[in-house]
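Q: Put together the whole structure using the sequences plus the hints.
There are 2 protein chains.
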Amino acid sequence: MRNPTAAMLVIGDEILSGRTRDSNLWYLAGELTRAGISLTEARVVGDDTAAIVAAVRALSAACDYVFTSGGIGPTHDDITADAVAEALGVGISLRADAMDLLGTHYQRQGLPFNEARQRMARIPDGAELIDNPISVAPGFILKNVHVMAGVPTIFEAMLSSVLPRLTGGAPLLSQSLRVMRGEGEIADDFGRLAAEFPDLSMGSYPFQQNGAFGTNLVIRGTDPAQLDAAMLRLVSLFG
Amino acid sequence: MRNPTAAMLVIGDEILSGRTRDSNLWYLAGELTRAGISLTEARVVGDDTAAIVAAVRALSAACDYVFTSGGIGPTHDDITADAVAEALGVGISLRADAMDLLGTHYQRQGLPFNEARQRMARIPDGAELIDNPISVAPGFILKNVHVMAGVPTIFEAMLSSVLPRLTGGAPLLSQSLRVMRGEGEIADDFGRLAAEFPDLSMGSYPFQQNGAFGTNLVIRGTDPAQLDAAMLRLVSLFG
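Quick note, the sequences are listed as chains E and Y, same order. Heads up: the first sequence runs through residues 1 to 239, numbered per full-length UniProt numbering. Heads up: the second sequence runs through residues 1 to 239, numbered per full-length UniProt numbering.
For the record, the hints were derived by calculation from the structure and aren't laboratory data. Treat the hints with care, as some may be off.
Here chain Y is said to cover these stretches of chain E; the calculated rule only asks that three of the stretch's residues, wherever they fall, bring their Cβ under 8 Å from a Cβ of chain Y [claimed, not checked]:
1) 12 to 25
2) 65 to 75
3) 191 to 204
4) 225 to 234
Sample of chain E residues facing chain Y (criterion: CB under 10 Å; computed from the structure) [claimed, not checked]:
5) 28
6) 30
7) 48
8) 78
9) 106
10) 107
11) 111
12) 115
13) 120
14) 122
15) 150
16) 207
Note that beta-carbon positions come from the ideal geometry of N, C-alpha and C, so glycine has one too.
A: Here is the structure:
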């Protein structure tokens with residue numbers, strides 16, 4: 001049985017301009033791997049409705065789960081909720097439960113619940129809210145699309161409440177061997193070994209240390225017994 | 001006149017599994033911004049021919065320039081060159097000039113120029129080589145697609161030899177103002193200011209410091225005079 005698949009969509013001009021280095025993709029990748037969900041694609045688009053709509057449609061159709069980050073704040077460039085509603089063909093409006101959450105929060109803080117802040121209660125019809133324990137403004141789940149904040153601490157908190165409810169598969173395990181030989185030297189044998197274990201994925205990652213070439217050989221798979229068998233062969237070849 | 005557009009394609013299972021945190025996208029984004037080329041989309045796919053072919057076709061058709069990273073080494077999972085050739089409908093074979101480069105390099109190092117290492121001389125028909133000053137195995141340019149290594153030092157070196165030859169536009173400039181107010185408080189005025197300057201792009205990036213909310217307001221554009229005018233207005237609103 002194959003593991004469920006997922007895609008990530010990172011939204012924000014600040015990533016594409018180089019102002020901000022995204023960390024959410026890397027974080028999500030690790031969490032999904034542990035949960036037994038295969039991240040098969042990621043995309044980054046700017047704060048542009050047409051680009052977000054096209055990406056959400058493509059990824060939502062291709063994968064079991066989609067995760068987005070960014071563009072759900074109060075400012076004019078926060079257009080993710082509207083774009084996701086458009087992509088999945090549903091309406092969007094200020095929703096009572098989200099208005100309540102945010103209204104209570106700002107009242108407690110003694111801050112005006114102005115029009116900009118109310119924008120964060122715009123939720124597509126039929127979506128389920130995702131709790132935001134840090135700054136209250138919720139994310140949401142619409143069909144298979146999980147819309148979350150771009151600020152890493154909030155993204156991570158939202159993911160932690162969403163992930164346990166998803167159906168995962170067997171966690172993707174990995175073992176690795178570090179050898180002080182260049183990739184080109186081990187490639188033939190390593191390729192033959194990979195062909196012997198079609199259910200495992202084997203990758204090699206070169207590095208340089210004090211002017212010498214080395215390679216990290218990584219074996220990934222969901223079956224611990226196969227992984228051990230392949231690792232034994234790997235060590236006997238290059239250990 | 002609009003600036004030329006670019007897309008990035010990051011290739012590698014290690015990024016999607018969370019083993020490796022990509023840094024090439026962030027590096028490329030900054031370099032393109034300085035060169036006046038607009039990065040409009042990025043994608044990450046695994047070591048999978050169908051996924052690479054589909055992404056290269058889509059991005060090559062949508063943008064003026066495409067940059068790829070990863071998958072050009074000697075091992076069985078290095079399939080980028082073959083996939084790019086397939087995507088753009090050309091043949092691929094061991095090429096004499098790349099064979100010469102690599103053969104001389106390994107001879108000098110006293111290492112066998114074996115079949116795996118020869119794989120790195122597989123270059124699509126009609127491509128132009130990109131110099132690799134670090135480990136010799138070349139990248140290549142085929143049509144508007146620039147195929148480069150995934151190892152960050154090599155990616156950066158290859159980009160530095162490619163970038164000066166591309167036609168850029170006006171560099172994207174940015175100015176920012178840090179205010180100790182929440183996004184929701186400045187959003188209305190900030191949105192109106194953004195509407196007044198349709199040629200500029202304005203973004204707001206919230207942060208927390210010692211429990212207080214603050215926002216970085218960023219204005220981006222190519223016309224220094226407009227940028228200065230908008231910045232003056234921004235300071236008078238929130239400074």
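Q: So, for every hint listed, does it hold in this structure?
A: Do the hints match the structure? See the list:
1. 12 to 25: Holds, because 13 residues of the region 12 to 25 of chain E bring their Cβ atoms closer than 8 Å to Cβ atoms of chain Y.
2. 65 to 75: Coverage by chain Y holds for the region 65 to 75 of chain E (3 residues, Cβ < 8 Å).
3. 191 to 204: Since 7 is at least three, the answer is holds.
4. 225 to 234: Violated, because only 0 residues of the region 225 to 234 of chain E bring their Cβ atoms closer than 8 Å to Cβ atoms of chain Y.
5. 28: Nearest chain Y Cβ about 8 Å off; hint holds.
6. 30: holds, 3 Å
7. 48: holds, 8 Å
8. 78: holds, 8 Å
9. 106: holds, 8 Å
10. 107: violated, 13 Å
11. 111: It holds, given that the least Cβ distance between residue 111 (chain E) and chain Y is near 7 Å, below 10 Å.
12. 115: holds, 6 Å
13. 120: Holds. Min distance 8 Å.
14. 122: violated, 13 Å
15. 150: Check passed: Cβ of residue 150 (chain E) comes within 9 Å of chain Y, closer than 10 Å.
16. 207: Hint holds; residue 207 (chain E) Cβ to chain Y Cβ min 8 Å, cut 10 Å.
When each numbered hint is compared with the structure, violations occur for hints 4, 10 and 14.
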